[in-house]
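Construct the entire structure; sequences and hints are all you get.
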Amino acid sequence: MSSPVGGPLLQLTLWRIRDFIREPEALFWVFAFPIILAFALGLAFSSRGPAIVRIAVEDGPGGRQLHESLDSMPNIMSVLLAGDEAQRRLSTGRVALVAVAGEPALLRYDSTRSEANLARLVVENAIQEASGRRDVREIREQRVTDPGSRYIDFLIPGLIGMNIMGTGLWGVGYGIVRQRNHKLLKRLLASPMRKSQYMLSHVLARMVFLVGEVGAVLLFGHLAFGVPVRGSLLSIAAIVFTGALTFSGIGLLVASRARTIEGVSGLMNLVMVPMWIFSGIFFAYSNFPEVLHPFIVAIPLTALNDALRAVMLEGTSIFAVGGLLAIVAGWGLASFGVALRMFRWE
Amino acid sequence: MSESAISCRGLVKRYGSVVAVDGLDLEVSRGECFGMLGPNGAGKTTTIEIIQGLLEPDAGEVRVLGLSWDSHEPELRQRMGSQLQETKLAERLTVRETVTMFRSFYREGCAVDDVLEQVQLQEKQDSWIVKLSGGQRQRLAVACALVCTPEILFLDEPTTGLDPQSRRQLWEIVSAFGKDGGTVLLTTHYMEEAEQLCDRVAIVDHGQIIALGSPQQLIASLGAEDVVEFALEDASSVESSVLATLPGVQHVRVENGTVHLTVRRVHEAVPALMELLAQRGARLSEMLTHHATLEDVFLSLTGRHLRDE
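Chains A and B are the protein sequences, given in the same order. Sequential numbering from 1 applies to the first sequence in the working numbering. Sequential numbering from 347 applies to the second sequence in the working numbering.
The hints are simulated quantities; they were obtained by calculation from the structure and are not laboratory data. In this text, all values refer to a predicted model and were calculated from it rather than measured experimentally. Glycine included, C-beta positions come from ideal geometry on N, C-alpha and C. Don't take every hint at face value.
[Said to hold, decoys possible] For lysine to any residue, the following SDA-like pairs were computed, each having C-alpha atoms within a straight-line distance of at most 25 Å:
#	chain 1	residue 1	chain 2	residue 2
1	A	K183	B	K477
2	A	K195	B	G362
3	B	K434	A	L185
4	B	K434	A	R18
5	B	K470	A	E23
6	A	K183	B	G362
7	B	K434	A	S286
8	A	K195	B	E419
9	B	K525	B	S512
10	B	K434	A	A116
11	B	K434	A	L200
12	B	K477	A	I261
13	A	K183	B	R376
14	B	K525	B	N386
15	A	K183	B	T391
16	B	K434	A	D19
17	B	K434	A	L10
18	A	K195	B	T440
19	B	K477	A	P24
20	B	K470	A	L10
21	B	K525	B	S375
22	B	K434	A	L90
23	B	K477	A	R18
24	B	K477	A	E23
25	A	K183	B	L508
26	A	K195	B	S375
27	A	K183	B	E443
28	A	K195	B	G399
29	B	K434	A	L189
30	A	K183	B	L439
31	A	K195	B	L401
32	A	K183	B	S375
33	A	K183	B	H606
34	B	K434	A	E23
35	A	K183	B	Q424
36	A	K183	A	G323
[What the hints assert, rightly or not] Covered by chain A, per the in silico footprint, the following chain B stretches (three or more residues, Cβ under 8 Å):
#	segment
37	426-434
38	439-447
Following this line, the structure appears as structure tokens:
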């Protein structure tokens, strides 16, 4: 008798899909959360004029005069404070810099903080100008607000990459560990189900949701902030597909032996936290020291994000990012290979 | 066919220094319902999982339907159905979806509707598993095992934790499978279950079979069909050695102040006991008699109960 119920691969994949769509919380984290994040960060960093620096001037000889002259500058907000209070605000980050009048004037700030460095330049400039400095060359400004070069344009591809990583690891890893924990894997092992089809069903189900989760963020970015898609959608689809395969493979690897949800959560964080930090989701990895760059670009999420940005923002062709895709796919293949060997069914 | 459904020789399984299965031999015929009865930790689950090819034994040989796991795993998996202890099926699938998925793993089997009817879950077919009662979940687990119309059905403590009515429903399903010629290997620590369902029972303790036979044979091996239990207000007033000389008494055992007499002719033993108690002036605080059960067999073999209650 031929089976009237569809093949096992279809049934296993349907199982994964049903498990997911019947869990409203999971739907929120996969579809709504990245959009909320993009919206919040997009608002915070878009449509902002030149930055205003907050500083304190220490009360003392000449202090009030210095305070008044600095505070009158359009891009400086100054407060006049007693020495210890000014110091307290500096150390808690409420002001970026403390200025002390005198000859020479003293600027106290933490050079490891970028807003403090900015404040130093702005305040120095203001003091020099107020003291009668004349600029030797004229500078003309042009502010760039074109789509494609703003923070939100940088952010959206990063969020898509982060989402592919997160859902790949969680979607595959969490489900497997729960089934192992519930002795369901062992029950499946007692049936003639093919192990490869079980693994494949996890990956296939991921592909089904990928369309929605990437599409939602792309569309949102485009409608809300005008984030451009300069390369072909087909190229983006190919990159996203490769990324999702790879992170499903890593999810499979992470879940291949863990027995408990706590155990697998720890492993996931071990894998994901370095990528959150280094892979250029929220800020460019060029901020890290040069010596780290060869390692950073070898991380799968970095390669995925770089490829996505190149195609989305610069309109690069899929062939030009082939090297990046090879890095992504290499991680995926290696993870699948190791996971298949290590996988524990009970 | 002449060969056995299941045949094991010298099975051994160790977990570290603990020997879970200790040189166990087992022979189950086709069409037989065979039960392994024993307390928790006796090695029943380890044995049934080795036979199902889920665990590798440290020593010994297993053949199922005349085939070995090494050479015929895919075929054997097609021909057996199994219910494992403590399996939690996917909570957010419906009953029908779950059975349909298991059906898809097998080349041959019965229609999903038929198996749902067999286990009386038609009305629940569109419910999520998370909404089912314990008895319904267990019937679903058996449905997933029956959907391939197996030649052998493996059940590992199928009714543990169920209420009496759910237990009886499950027994009916297993009996019906047996009547159609199916072979069943089940483990249980309920002696009623073994007596009700099994053609033959192996009593298992410390990884070994300590008695084997039909429930009737095993009970007959006590040499007595009845048990008289009584307790005295003053336990010291009658000695065990005197009780053993009463007519028809085969065996005397005292446990927590209650005396258990295994007796052959209850109509002779009870009047004699009453006479003895009257002579000694001892007063009964409690007394009952019942037919001997597999529990009494286990008790007389090991001095322990099947369940620690």
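*Does K525/B pair with S375/B here, judged by a C-alpha cut-off of 25 Å?*
Status holds; Cα separation ~14 Å.
_Hinted pair K525/B and N386/B, Cα distance within 25 Å_ = 29 Å, violated
*Given the hint that K183/A pairs with G323/A, test it: the Cα-Cα distance must not exceed 25 Å.*
42 Å, violated
_Straight-line alpha-carbon gap K477/B to I261/A, limit 25 Å_ = 23 Å, holds
*Pair hint outcome, K470/B versus E23/A [Cα-Cα no greater than 25 Å]*: 21 Å, holds
*Given pair status - S512/B, K525/B, alpha carbons within 25 Å*: Measuring from Cα to Cα gives roughly 20 Å; hence the hint holds.
*Between K183/A and K477/B, is the straight-line Cα distance small enough, at 25 Å or below?*
Holds - the C-alpha atoms of K477/B and K183/A are around 19 Å apart, at most 25 Å.
*Quickly compare the C-alpha distance for K434/B and L90/A to 25 Å and report which way the hint goes.*
With a Cα-Cα distance of about 58 Å, the restraint between K434/B and L90/A is violated, given a limit of 25 Å.
*Starting from K434/B, check that the Cα of D19/A is at most 25 Å away, please.*
Answer holds: K434/B to D19/A is near 14 Å, not above 25 Å.
*asked:* So if I understand the rule, the pair passes when the alpha-carbon distance is 25 Å or less; does K195/A with G399/B pass?
replied: 15 Å, holds
*Between K183/A and T391/B, does the CA-CA distance stay at or below 25 Å?*
14 Å, holds
_Given hint L10/A paired with K434/B - CA-CA distance at most 25 Å_ = 22 Å, holds
Consistency with the previously given hints fails for numbers 2, 7, 10, 13, 14, 22, 26, 32, 33 and 36, ordered from lowest to highest.
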